[in-house]
Each structure stands twice: as structure tokens, then as C-alpha cells.
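J.: So the protein lines, in turn, are chains A and B.
Per the working numbering, the first sequence starts with residue 119, numbered consecutively.
Per the working numbering, the second sequence starts with residue 7, numbered consecutively.
No wet-lab data here; the hints were simulated from the structure.
On a predicted model such as this, the values are computed, not experimentally measured, just so you know.
We put the CB at the ideal spot given by N, CA and C, even for glycine.
Looking from chain B toward chain A, a few residues come up when the C-beta cut is under 7 angstroms (computed):
| no. | residue |
| --- | --- |
| 1 | Leu18 |
| 2 | Thr161 |
| 3 | Lys162 |
| 4 | Gln165 |
| 5 | Ile204 |
Pulled a few chain A residues facing chain B out of the computed Cβ check, cut under 8 angstroms:
| no. | residue |
| --- | --- |
| 6 | Glu167 |
| 7 | Met311 |
| 8 | Pro326 |
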Amino acid sequence: MDRTKGSARGGAVNTLGAAHAGLVSCTGCSLLSRPASAAYVGHCPRCGEALAWRRTHAVQRTWAFLIAAAILYVPANVLPVLTTNTLVSSQADTIMSGVIFLYETGSWPLALIVLVASVMIPLGKIAALAYVLVSVQGGSATSNRQRTRLYRIVEFIGRWSMLDVFVDTFVVALVQLAPLMSVDPGPGVVYFMAVVVLTMFAAQSFDPRLIWDAATMREGRTPPKRCAPPPLGARRLGTALRRRDRDGA
Amino acid sequence: MESVACRGCDLLQRIPPLPPGGKAQCGRCGQPLAVRHADPLDRPLALALTAAVALVVANVSPLMGLTVAGRDSTTTLAGGAYQMWVQGSEITAVIVAFCAVLAPAAYVALLISVLIMVRRPPAPAWVGVLMRWADHLRPWSMNEVLLLGMLVALTKIAQLATVIPGAGMYAVGALVLLLPAIASTFDAREVWRRIAWIEPKVPRAGVQ
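Okay, chain A solo, but in the shape it has when bound (with noise of 0.2 angstroms):
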């Protein structure tokens, strides 16, 4: 960040989440909305979006979208994405073999970058997702500021991974001489692109507010009673609620 451009961070009004304020951010336009009751949020006054103290069982849907991407991991990878067929021969080529075929062509750069994107970003994305959930299911309210940025970093790289797609999408596209040569796409792709579909899916369902209710919770400050917001997905808001309704406090 430049400072001399002059630069502020946002003053705090309190270390107050919204949701304990009784105020809801849209996430579409950023407005803060004081909602009427606290079971039917509604929609947001200026642009229409549907309202929600949390995104809807982001825990649930990002947990569902991940699993069924380390699912379809292992086709991937063992499955061919290419297959090249000349006058003579037809060979089959996997995500792993093209990279070792581009590292053995003298282009290693170009190797490291397809192992990168196409091996590395995937299993980082689901160990990082998978650690940062369970980290909120679990109630951890340590290091809220790293576990934000790695779920930012996780959003920002994840199409990066579309890269082996577009290689295998243009080699086929051109590469279409036959009976010369020409590749066609195996099996592979397809599940492929299912992983990185689905990895980002799981990136845009997950809600990092998530992440910083444990810290609130720990605090002991509930929400008022006005508000009552139990979001979905944070347990921990939800059965301090309860308890507070159960006292009578």
C-alpha cells in the first residue's frame, strides 16, 4: 500500500461484527441493512439480493463441492488427456506425462508452471480449504488473519488451474492433420475440469466471516436479542444463543 498516496485503514467503530450489531452487509452492494425480523432476512433495499447473516451452509456446500473434487481428483491424473495418433503409432499422455514430456523437451520453465497449476494448486486448494473448516468447525479462534489470507489466496489462484484445459483444448484444436497426426482429447480432460470447477465453487460458497465468529464467541458476546442471528454452519453462535434464551438472560 502506498502511503504517501495517503492511505486509511477503516476506523473501528468497536470490534463489533455486524451480525452482533443486528446488521446485515449485503453481498452484492455492500449496504448495511438493519433487517425487520431476525428469522426472514429478505433482500437487500438497494440492489435485490437475498440477505443472509452468513452465506447459506457454507460449511455444508463447501464441504460437499470439496469432496466431490478429491473424488474426481484421482480420474484426472490416471486417466489420459491426450492421445496422439500418427501413421504409425498411438500413445496416450496424462496430465503427469506431459509434464515430464515438456520438461524433457528442454522447456522445463513451461514443466514447472503445468506441475505448478495443474498438480500443486489443486491439492494446496483442497488441503487449504479442507484445514480452514475444519479449523471453524472445530471453533479455533487462533491465527484468524492467517487462516483468512490462505482462504483468499485459495480464491484468487484457483482458476490458474484451468491453464492444462486451454494447453490440451489448443493442441487439439490444431494439431488435427489427419492421417498425418492429429491428438484427439482423452477422458482425463473432462475430470480435470470438473476439479477446477468445482474447487472454485467450493472457494465462492465458504463465508470468511466464519472464521472470526469463533474470536467473537470467545469474547462472550452474543448477539442481541433483536437480532438473534443464528447463521448457519456456526454452530458455536447458534448454541450460545440458545443458552442465552434458555437463561434468560
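Following the hints, put chain B in place on chain A, whose structure we already have.
T.: Here is chain B on its own, set in the frame of chain A:
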């Protein structure tokens, strides 16, 4: 002073009046909260119109061609997706066409319409709907990944045949520079301020 809740951690904060070129970020998690540009409407519009021209070139002219043993072939963006479809990988073809052609084109078209409509505030409420669509499309518009993918494909094929980069490739390269430039000059807060509310009668929340 405007109150916002951080998108990253839900912390309630007031954004102080920012000088032109100033930025505000969340004091707790570091998420960027607001930027203020000296020229929040004209500059992104100019860049978006340039991107529209580059998009047309990128989609119409050949991306690359190859020559081997006296035969040659060229491909365009849509041609790549079409070939995938013909070769029996229909789902891949659809997603590639979406990420490489449809999403960037729709994103730029939506931005241009929004930026033109908000020049005379208040813009009608449906402009807000366009804004939300543009927001949803942004992660799926993958020009920079596409460019890198084409370069890797060229290197792979270069082992087998002579490859010729086409004009479309340079247009995609221009898009790779233009789209982040639009994103960094675009001020969503300023645009939303100029759009009429869907429910104008709702009293504004206490914290404003």
C-alpha cells in the same frame, strides 16, 4: 463517513473521507474496503471500450497456426472449443467456450453498460442487477490463464511442426493487461451510490 462491514471478517468500520487515489483496508483482516480514484467513471469506461475492441479482434482473427509437411491449419478461440466438441469432449468444449469467450465478452459488455448508465445519476435499479452479474462473471473470465495456456500449447506443438502466432494472440495479450487495469480503476462504491434503490421507501439503517 460511511459505515461498512468488512467482507472478510464482518468487522463494522467507518470509512473516513479518502483523498483521490486513497485506499482503505480492514483494520482486522486486511481486506481492501474502499478505493477512491481521481477519475472513477471515465477511465474505466475508456479501458472497457478498448477491451471491447481487443475482444472482437481476439475472437475473429486466428490465434495461431502451424505448418507441417506442406499442410497448415489455424485456429480461433471459438474454433478451439468447436474442435473439442467435434472430438467428443462436449462438456470441456462448453466450459472452455464459457471461460474464454462468453464470460469475458459478457463481463466487458456489462461494465460498459453500467458505466454509461451511471453517468447521469440516479441510474435505474436494473443497472444494479447488471453490476451483480458482472461481479459473478469476473472469476470465470480467464484471459490470463488462456494466454499462458496458448503459449504452453505453442511450445508443445513447436516440437512437431512450425508454429506461427497470429494476431488474435496479441489481442488476448492486450486483454490480459486491460482487464486488471479496469478492475483497479473501477470504483464499485461510487457506482452503487449512483444507482437507484430497488425499494426507495425503505428507511436507511441507523448507522450511516
